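Given next are the chains, with one letter for each unit.
There are 2 protein chains.
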Amino acid sequence: MDNRPIGIFDSGLGGLTALKELRRLLPNESFVYFGDTGRVPYGARSPQTLRRFARENIRFLQHYDVKMIVAACGTISSILSEDPAWDPTFPFTGVLRPAAEAACRATRCGRIGVIGTSATIRSGSYERIIRQIMPNVQVFSRACPLFVPLVENGYLEEQNPVTELVARDYLSGLAAERPDTLILGCTHYPLIAPAIRRVMGDGVTLIDPGKETAAAVQAMLSARGICADGSQTSDTRYFASADTEDFGTIAARFLGEPLESAVELVEVDALSRE
Amino acid sequence: MDNRPIGIFDSGLGGLTALKELRRLLPNESFVYFGDTGRVPYGARSPQTLRRFARENIRFLQHYDVKMIVAACGTISSILSEDPAWDPTFPFTGVLRPAAEAACRATRCGRIGVIGTSATIRSGSYERIIRQIMPNVQVFSRACPLFVPLVENGYLEEQNPVTELVARDYLSGLAAERPDTLILGCTHYPLIAPAIRRVMGDGVTLIDPGKETAAAVQAMLSARGICADGSQTSDTRYFASADTEDFGTIAARFLGEPLESAVELVEVDALSRE
Numbered sequence: 000m001d002n003r004p005i006g007i008f009d010s011g012l013g014g015l016t017a018l019k020e021l022r023r024l025l026p027n028e029s030f031v032y033f034g035d036t037g038r039v040p041y042g043a044r045s046p047q048t049l050r051r052f053a054r055e056n057i058r059f060l061q062h063y064d065v066k067m068i069v070a071a072c073g074t075i076s077s078i079l080s081e082d083p084a085w086d087p088t089f090p091f092t093g094v095l096r097p098a099a100e101a102a103c104r105a106t107r108c109g110r111i112g113v114i115g116t117s118a119t120i121r122s123g124s125y126e127r128i129i130r131q132i133m134p135n136v137q138v139f140s141r142a143c144p145l146f147v148p149l150v151e152n153g154y155l156e157e158q159n160p161v162t163e164l165v166a167r168d169y170l171s172g173l174a175a176e177r178p179d180t181l182i183l184g185c186t187h188y189p190l191i192a193p194a195i196r197r198v199m200g201d202g203v204t205l206i207d208p209g210k211e212t213a214a215a216v217q218a219m220l221s222a223r224g225i226c227a228d229g230s231q232t233s234d235t236r237y238f239a240s241a242d243t244e245d246f247g248t249i250a251a252r253f254l255g256e257p258l259e260s261a262v263e264l265v266e267v268d269a270l271s272r273e
Numbered sequence: 000m001d002n003r004p005i006g007i008f009d010s011g012l013g014g015l016t017a018l019k020e021l022r023r024l025l026p027n028e029s030f031v032y033f034g035d036t037g038r039v040p041y042g043a044r045s046p047q048t049l050r051r052f053a054r055e056n057i058r059f060l061q062h063y064d065v066k067m068i069v070a071a072c073g074t075i076s077s078i079l080s081e082d083p084a085w086d087p088t089f090p091f092t093g094v095l096r097p098a099a100e101a102a103c104r105a106t107r108c109g110r111i112g113v114i115g116t117s118a119t120i121r122s123g124s125y126e127r128i129i130r131q132i133m134p135n136v137q138v139f140s141r142a143c144p145l146f147v148p149l150v151e152n153g154y155l156e157e158q159n160p161v162t163e164l165v166a167r168d169y170l171s172g173l174a175a176e177r178p179d180t181l182i183l184g185c186t187h188y189p190l191i192a193p194a195i196r197r198v199m200g201d202g203v204t205l206i207d208p209g210k211e212t213a214a215a216v217q218a219m220l221s222a223r224g225i226c227a228d229g230s231q232t233s234d235t236r237y238f239a240s241a242d243t244e245d246f247g248t249i250a251a252r253f254l255g256e257p258l259e260s261a262v263e264l265v266e267v268d269a270l271s272r273e
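Line by line, the protein sequences give chains S and Z. So in numbering that gives the first Met the number 0 the end of the first sequence lands on 273, straight run, no missing numbers. So in numbering that gives the first Met the number 0 the end of the second sequence lands on 273, straight run, no missing numbers.
Heads up, some of the hints might be wrong.
What the hints assert, rightly or not - Here are the simulated distance ranges between beta carbons:
| id | chain 1 | residue 1 | chain 2 | residue 2 | range |
| --- | --- | --- | --- | --- | --- |
| 1 | S | Met-219 | Z | Gln-61 | 31 to 37 Å |
| 2 | Z | Arg-54 | S | Phe-89 | 36 to 42 Å |
| 3 | S | Phe-89 | Z | Ala-84 | 42 to 48 Å |
| 4 | S | Glu-81 | Z | Gln-61 | 44 to 50 Å |
| 5 | S | Ile-225 | Z | Ala-269 | 38 to 44 Å |
| 6 | S | Phe-89 | Z | Gly-153 | 21 to 27 Å |
| 7 | S | Asp-1 | Z | Arg-197 | 23 to 29 Å |
| 8 | S | Gly-172 | Z | Pro-87 | 48 to 54 Å |
Claimed, not checked - Calculated from the model, a selection of chain Z residues having no Cβ within reach of chain S, i.e. all distances over 12 Å:
| id | residue |
| --- | --- |
| 9 | Ser-45 |
| 10 | Ala-142 |
| 11 | Pro-148 |
| 12 | Asn-159 |
In short, the hints are calculated from the structure, not lab data. Here the structure is a predicted model, which is why all the values come from computation and not from measurement. Think of the CB as a built atom: it goes at the ideal place given N, C-alpha and C, for glycine as much as any other residue.
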């Protein structure tokens, strides 16, 4: 039993799709969420920059005495999984393995599509981990670099013409490869799932990395005996490195309920200075 | 006469539109360009952090014995222009004043539009400086946060449907205010000027801050008698604080020709350590 909070971070708002699932699945747990909105997007950055951001964000969350850390960011998860020096001394998960495992369970025809940021797709991490789990699967990948800016700028409403157009541009070729399963390899993408589904077709199973990661967190807490026992009121604290007002408004929309506390501002500069 | 190079910096790639104009206008001059891609974006940072970044970037450029420094970045230009302690001891210009002065010269009806990133528009710096120059002008502002991601992701070809749609979305309301002059208040925007022009109409004069800044630099060099004399071959060195490979590719696209030398990597940590 361990009533300390779980720390979650993402480049911005996307990780809230994981937080939403975590709160639903683990109502006794408390959370500290950090959205690095001052440095979003992560998708075009170099591996060394991304490793530095991961270190800094983890160090920030550790100030809040978290019992576990979740990198709810496809890009960071991919980069860390390719880093031989990455060997955390604390309970940790990214979104990569839970999403890859779910896709391997879901596919019938052995054809899996993966979409993500440029850094994620360039790293080849999804392809590599899928092949570890299921060697004979065929993987079709496509970078969708504009999806994160679209989500972060609120191009979310049903049938938004810009989002529809960009989705068609990125995904028509991938749909032609006829995968039966598509990994939304970035936690922002579930927020525009309807536009993605319209290009891919209803027969394709979309894998939501936040949802799969929430299940993985639940399993890890149980296996280690560090679940919260419900004796304390659970809560969530929110931190962002820019635009805390906008963040609060959009976060409430993503979570489907108002935030229980104001979003607290973290100076980007303080992250690297500490 | 002074054959030393001119130093230019920006948070990333946008300042290359100024560099392109400078190279066209001043073919005898040599340049040192620094894109602070490891710390981009600047827009969300505090004024004291931005003042520190300006100091560090200037100090970096001064290692290359530059005769003049150009801040080809709207955010830095506004922060420095609002700082009473900012009093450079070397020839210096930002992009804000040259663009604002050009707009005041161009307008006939006294109605000026300004577009920029969210941070630039929120700061009100363009509006303030325009009013200093021409108190009775009316200024209409609009933030266009998706334009930078569109440019950075190459949505540049003539009549790209996504860029056209986003431009219409951002600018229709501004066009309805009937300005006769529009400041492209971000150095990325000249790259999608045709899409902007199609919404604003042919009668609106578009002010390119890079172009106006290049003219201001030419005037400053002449006034101080520190132009290069053409006796030495001019060249440009490129530095970036991350992602030097992508930087080289996109830089070539911005400049309309391949770079004459490889982009050199500057460690972000070294900037503040020096």
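Results for each hint:
1. Met-219/S <-> Gln-61/Z: 31 to 37 Å: violated, 51 Å
2. Arg-54/Z <-> Phe-89/S: 36 to 42 Å: holds, 37 Å
3. Phe-89/S <-> Ala-84/Z: 42 to 48 Å: Because 44 Å falls inside the window, the suggested range holds.
4. Glu-81/S <-> Gln-61/Z: 44 to 50 Å: violated, 38 Å
5. Ile-225/S <-> Ala-269/Z: 38 to 44 Å: holds, 41 Å
6. Phe-89/S <-> Gly-153/Z: 21 to 27 Å: Since the Cβ atoms of Phe-89/S and Gly-153/Z sit about 40 Å apart, the hinted range of 21 to 27 Å is violated.
7. Asp-1/S <-> Arg-197/Z: 23 to 29 Å: violated, 59 Å
8. Gly-172/S <-> Pro-87/Z: 48 to 54 Å: holds, 52 Å
9. Ser-45: violated, 6 Å
10. Ala-142: Given a closest Cβ separation of 10 Å, the condition is violated.
11. Pro-148: Non-interface label fails for Pro-148/Z: nearest chain S Cβ at 4 Å, not farther than 12 Å.
12. Asn-159: At roughly 10 Å from the nearest Cβ of chain S, Asn-159/Z sits no farther out than 12 Å, so the non-interface label is violated.
The structure fails hints 1, 4, 6, 7, 9, 10, 11, 12 (numbered hints given earlier, in ascending order).
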